[in-house]
Amino acid sequence: GQQLNQSPQSMFIQEGEDVSMNCTSSSIFNTWLWYKQDPGEGPVLLIALYKAGELTSNGRLTAQFGITRKDSFLNISASIPSDVGIYFCAGIYSGAGSYQLTFGKGTKLSVIP
Amino acid sequence: GAGVSQSPRYKVAKRGQDVALRCDPISGHVSLFWYQQALGQGPEFLTYFQNEAQLDKSGLPSDRFFAERPEGSVSTLKIQRTQQEDSAVYLCASSLRGPSGNEQFFGPGTRLTVL
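Protein chains in written order, with the working numbering: chain Z, 770 to 882; chain H, 59 to 173.
Since the hints were derived computationally from the structure, they do not count as laboratory data. For glycine and all other residues, C-beta sits at the position ideal for the given N, C-alpha and C. Just to be clear, a hint being listed does not mean it is correct.
Residues from chain H that keep clear of chain Z, each with C-beta distances beyond 10 Å, as calculated [to be verified]:
hint: 1; residue: Lys69
hint: 2; residue: Ala71
hint: 3; residue: Lys72
hint: 4; residue: Val77
hint: 5; residue: Ile84
hint: 6; residue: His87
hint: 7; residue: Ser89
hint: 8; residue: Gln99
hint: 9; residue: Ser116
hint: 10; residue: Phe123
hint: 11; residue: Gln162
hint: 12; residue: Gly165
Here are the simulated lysine-lysine pairs, DSSO-like style, with alpha carbons at most 27 Å apart [stated by the list, open to error]:
hint: 13; chain 1: Z; residue 1: Lys839; chain 2: H; residue 2: Lys115
hint: 14; chain 1: H; residue 1: Lys69; chain 2: H; residue 2: Lys136
hint: 15; chain 1: Z; residue 1: Lys839; chain 2: Z; residue 2: Lys805
hint: 16; chain 1: Z; residue 1: Lys820; chain 2: Z; residue 2: Lys805
hint: 17; chain 1: Z; residue 1: Lys805; chain 2: Z; residue 2: Lys877
hint: 18; chain 1: Z; residue 1: Lys874; chain 2: H; residue 2: Lys115
hint: 19; chain 1: H; residue 1: Lys136; chain 2: Z; residue 2: Lys877
hint: 20; chain 1: H; residue 1: Lys115; chain 2: H; residue 2: Lys136
hint: 21; chain 1: Z; residue 1: Lys874; chain 2: H; residue 2: Lys69
hint: 22; chain 1: Z; residue 1: Lys877; chain 2: H; residue 2: Lys72
hint: 23; chain 1: H; residue 1: Lys72; chain 2: H; residue 2: Lys136
hint: 24; chain 1: Z; residue 1: Lys877; chain 2: Z; residue 2: Lys839
hint: 25; chain 1: H; residue 1: Lys72; chain 2: Z; residue 2: Lys839
hint: 26; chain 1: Z; residue 1: Lys874; chain 2: Z; residue 2: Lys805
hint: 27; chain 1: Z; residue 1: Lys839; chain 2: Z; residue 2: Lys874
hint: 28; chain 1: H; residue 1: Lys115; chain 2: H; residue 2: Lys72
hint: 29; chain 1: H; residue 1: Lys115; chain 2: H; residue 2: Lys69
hint: 30; chain 1: Z; residue 1: Lys874; chain 2: Z; residue 2: Lys820
hint: 31; chain 1: Z; residue 1: Lys820; chain 2: Z; residue 2: Lys839
hint: 32; chain 1: H; residue 1: Lys72; chain 2: Z; residue 2: Lys805
Build the full structure now, drawing on both the sequences and the hints.
Below, the structure is given as structure tokens:
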């Protein structure tokens, strides 16, 4: 089946630093999504990307949909303590009647004040 | 509230028991999804409904897992004869229209522990 490789698995950064994480896939996706999950909660959508090459920002977050449709990155600028959590990439391949949302294994972000 | 709600939030079952997990999607949302999230992993797709029709159940791990959405709103995920490997967080998500390229809103999940 389709798998997403997300890296890094975890990050420890100082408050104010920029963060970058990425996902790659062996399969093509039509849509890339980035979610953040806090403990005991469900994932919350941060950014959605619908076109190859698309670059989208949401406040301090920036994400890009790779040209090959097999990769995406998420950048967080000027990190703050509330950025702590687990970030997941997810892809949707909506072909042949399948609408599965495939998640990466997550990047655990810790911010040191 | 206006979000996706799930109940119970926590469920402990003895091995072999049947369990039923409930999802109340956002009102008016057409699509509903169930995911299973093991500890330290990302969510994994189980099944998808569009209104009351179950269009994709390819992610259900065995025939012990059954999901329904009889009136196109509330959904129930049932697990029969639970096993220890069924221990996980079960997440429900809904989206307004079809699933493709559309934002899925997640509930807080039900944490199932099978002893």
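Results for each hint:
| no. | hint | in the structure |
| --- | --- | --- |
| 1 | Lys69 | holds, 14 Å |
| 2 | Ala71 | holds, 20 Å |
| 3 | Lys72 | holds, 24 Å |
| 4 | Val77 | holds, 19 Å |
| 5 | Ile84 | holds, 12 Å |
| 6 | His87 | holds, 14 Å |
| 7 | Ser89 | violated, 8 Å |
| 8 | Gln99 | violated, 6 Å |
| 9 | Ser116 | violated, 7 Å |
| 10 | Phe123 | holds, 16 Å |
| 11 | Gln162 | violated, 7 Å |
| 12 | Gly165 | violated, 5 Å |
| 13 | Lys839(Z) with Lys115(H) | holds, 25 Å |
| 14 | Lys69(H) with Lys136(H) | holds, 13 Å |
| 15 | Lys839(Z) with Lys805(Z) | holds, 21 Å |
| 16 | Lys820(Z) with Lys805(Z) | holds, 21 Å |
| 17 | Lys805(Z) with Lys877(Z) | holds, 10 Å |
| 18 | Lys874(Z) with Lys115(H) | holds, 22 Å |
| 19 | Lys136(H) with Lys877(Z) | violated, 31 Å |
| 20 | Lys115(H) with Lys136(H) | holds, 13 Å |
| 21 | Lys874(Z) with Lys69(H) | holds, 24 Å |
| 22 | Lys877(Z) with Lys72(H) | violated, 32 Å |
| 23 | Lys72(H) with Lys136(H) | holds, 15 Å |
| 24 | Lys877(Z) with Lys839(Z) | holds, 22 Å |
| 25 | Lys72(H) with Lys839(Z) | violated, 42 Å |
| 26 | Lys874(Z) with Lys805(Z) | holds, 12 Å |
| 27 | Lys839(Z) with Lys874(Z) | holds, 16 Å |
| 28 | Lys115(H) with Lys72(H) | holds, 26 Å |
| 29 | Lys115(H) with Lys69(H) | holds, 23 Å |
| 30 | Lys874(Z) with Lys820(Z) | holds, 23 Å |
| 31 | Lys820(Z) with Lys839(Z) | holds, 12 Å |
| 32 | Lys72(H) with Lys805(Z) | violated, 32 Å |
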